[in-house]
Amino acid sequence: MSTQVETKGAKRFSLDAWAVVLALVAVFLVRFGLIKHISW
Amino acid sequence: MATTSVLTSAQPLTLPRRFLAILPGVALLTIIGLAGKVIEQSIARYAKAHHLHLPNIEYVLWAIAIGLIISNTVGVAEVFKPGIATYEFWLKTGIVLLGARFIVADVLKLGGVSLFLVVIELALSIALMTFLGRIFNLSPKLTSLLAVGSSICGVSAIIATKGAINADDEDSSFAIAAILALGALALFTFPPIGHALHMSDQFYGLWAGMGVDNTAEAVAAGALYSDSAAKIAVLAKTTRNAMIGFVVLGYAIYWAAREGRTVVGSKAAFLWNKFPKFVLGFLIVSVLASVRFFSGDQINSIANLSRWAFLLTFAGVGLRINFREMKGQGLRPFLVGAIGEVVIAAITLGLVLGASRFVKI
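Residue numbers (our numbering), protein chains in the order written: chain A, 1 to 40; chain B, 41 to 401.
Please keep in mind that the hints were generated in silico from the structure rather than gathered at the bench.
We treat Cβ as the ideally placed atom computed from N, Cα and C, and that holds for glycine.
Any given hint might turn out to be false.
What the hints assert, rightly or not - Each pair of labels, with its calculated beta carbon distance range:
(1) Val21/A with Ala309/B: 19 to 25 angstroms
(2) Ala386/B with Ala17/A: 32 to 38 angstroms
(3) Phe333/B with Ser14/A: 22 to 28 angstroms
(4) Val21/A with Ile175/B: 42 to 48 angstroms
(5) Ala17/A with Gly115/B: 28 to 34 angstroms
(6) Ala89/B with Ala17/A: 30 to 36 angstroms
(7) His90/B with Ala17/A: 46 to 52 angstroms
(8) Thr170/B with Ala17/A: 31 to 37 angstroms
(9) Gly300/B with Val21/A: 38 to 44 angstroms
Can you make the complete structure from the sequences, with help from the hints?
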């Protein structure tokens, strides 16, 4: 019971928001040279 | 024992636990995606070495096909499911990263064309699905879910609308199954039609972004045609996704009035809550690319990162297609969806072909 309350009550980042955060982190890592080159 | 069980059930809430839970599935997505890429490259190398003219089947199709075969033969073990479910996360990450390949002027121009066509498509789709739902005697809420799913962005729109109109789980699972089944069919029908009509990458991409409902399948249908088509499909689909809040709000108000409930409090807050945040991320990266924040090499690297994210997405698309589960969802919602989708695909094709005479993209 208490677990459910905790899950519902906790303010969680949406999937969208996490995707934006990860993408922006990757973009800045590339921009500032911490990731040198990504090949395909 | 009771205490132990509470503690155990509380464990998945922690971030490290959740991270560990998704690892096997993400590894499977990676392996399938890489296998698709290796098969594509091996066939190309073989054809070159033997001076053969074999059709170039993109890694996208191989990754989807491998996933589809696994899902419909041996099945997907439970341990992989949390990780496979992240395919949508990789899709959204890939879309944000793809923003680096668009400068704002392109986004405004293509987005403007897309928006104009999307508004027409939205109105026609909603009207058509509502009409078909009545003809086939579907429940009004299932009809609303199918209308939203087919007009905007598939599963996400159905889930958002389900909460807003208090639809039940059965209706939403019917609608989701119908939209997914039809999205899977689109993967195998859109590219041949595009080739048969000799559509340019740009206009085919526009059609895929407007005609295929679920974002992952829309991007995959674009990528099956060409890299440029995938790029345009993402933009057109993103424009459609951006409309989600308005349509869901419209349905929420309609159903609240019909059931005598109070309409949601702040409409602005409702719109913001439903607005897909990855669209903003895409625009931010696009603005950064437009002000030359990145060098040419860096843009290539970011675009390649986007391709890697899409690689995981396409593997997930195949793994999610399960014909047995789809068959068990009932024929009528599927029929309504199928008829609606075919008509919508034809209408959007007409719109895109019409636009190709007046607009250059």
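Consistency of the hints with the structure:
| no. | hint | in the structure |
| --- | --- | --- |
| 1 | Val21/A with Ala309/B: 19 to 25 angstroms | holds, 22 angstroms |
| 2 | Ala386/B with Ala17/A: 32 to 38 angstroms | holds, 37 angstroms |
| 3 | Phe333/B with Ser14/A: 22 to 28 angstroms | holds, 26 angstroms |
| 4 | Val21/A with Ile175/B: 42 to 48 angstroms | holds, 45 angstroms |
| 5 | Ala17/A with Gly115/B: 28 to 34 angstroms | holds, 32 angstroms |
| 6 | Ala89/B with Ala17/A: 30 to 36 angstroms | violated, 48 angstroms |
| 7 | His90/B with Ala17/A: 46 to 52 angstroms | holds, 50 angstroms |
| 8 | Thr170/B with Ala17/A: 31 to 37 angstroms | holds, 33 angstroms |
| 9 | Gly300/B with Val21/A: 38 to 44 angstroms | holds, 41 angstroms |
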